[in-house]
Amino acid sequence: MAVLPGSSSSLELTISVPGFASSPPLLPSSSVKELDINQLPSEEEWIASNMEDEEESSINGEAPRKKLRLTKEQSRLLEESFRQNHTLNPKQKESLAMQLKLRARQVEVWFQNRRARSKLKQTEMECEYLKRWFGSLTEQNRRLQREVEELRAMKVGPPTILSPHTSQPLPASTLTMCPRCERVTTTAATAVVPTSTTATLSSPKSHQPPEASS
DNA sequence: GTCCGGTGGCACATTACGTCA
DNA sequence: ACTGACGTAATGTGCCACCGG
1 MAVLPGSSSS
11 LELTISVPGF
21 ASSPPLLPSS
31 SVKELDINQL
41 PSEEEWIASN
51 MEDEEESSIN
61 GEAPRKKLRL
71 TKEQSRLLEE
81 SFRQNHTLNP
91 KQKESLAMQL
101 KLRARQVEVW
111 FQNRRARSKL
121 KQTEMECEYL
131 KRWFGSLTEQ
141 NRRLQREVEE
151 LRAMKVGPPT
161 ILSPHTSQPL
171 PASTLTMCPR
181 CERVTTTAAT
191 AVVPTSTTAT
201 LSSPKSHQPP
211 EASS
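Numbering (the UniProt record's numbering), first residue to last: 1 to 214.
Hints may be right or wrong, so weigh each one.
[What the hints assert, rightly or not] Within a straight-line C-alpha distance of at most 25 Å, the following computed SDA-like cross-link-like pairs (lysine to any residue) qualify: (1) K93 / C127; (2) K66 / A97; (3) K121 / Q140; (4) K67 / F82; (5) K72 / V109.
Worth flagging that the hints you see were computed from the coordinates, not collected in a lab.
Predicted model only: the values in this text are computed from it and were never measured.
Construct all of the structure, not just a fragment, from the sequences and the given hints.
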């Protein structure tokens, strides 16, 4: 399956112990700076608030956790950069941060989260793809089972099939069942080599999994 | 060459904030 | 005004690779 990346086929289990990870203390909502996405702070304010955060955290170690929304332009540039490369080297990170007027750490975090979102989306797509494939195989299996039943029934009293060309009875080994149209057909290869018992089901394409939607 | 501690980067899980229906 | 769902920025933790002593 070329569609599926190798890494995604392995499952990793992680056990997290509740209460093990230290979490910051809950803060009263009044301590949170209100930010309206429609009234985004100016770039200067943005930077100032970021630096403010850094200072606060360095002073008492318990900085209020503020969440800043990225502007559309910042998001656009980050997305553009992500399309080119899913990881950044320190120089790229620094220059991108400078360009976006963000801290390098914020750019780094954005890329980490973006990679995680990307992977999640990919996993969901693969899940859908496998579901559809499973459905397709189930259906194919059902039809083949039915075909086997029909062939077994035919074996009890096989009707003589005459060649449409010569009107002569055809050997059983030259007959195959086309699962697509469910019609008995002759197979050229087996007709030439009567000893062959190869069963030609249909074109290989009908056995391929469904195309993964993008 | 090997060991060891420090450091940086990443994946992953989780938390918490902002927005919207 | 309130609330729950959702998206996502931010944080915490563990793992790994690399480097210098």
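Results for each hint:
1. K93 / C127: Violated, at roughly 33 Å.
2. K66 / A97: holds (19 Å)
3. K121 / Q140: The hint is violated at about 28 Å.
4. K67 / F82: holds (22 Å)
5. K72 / V109: holds (17 Å)
Of the hints listed earlier, those the structure fails to meet are numbers 1 and 3, in rising order.
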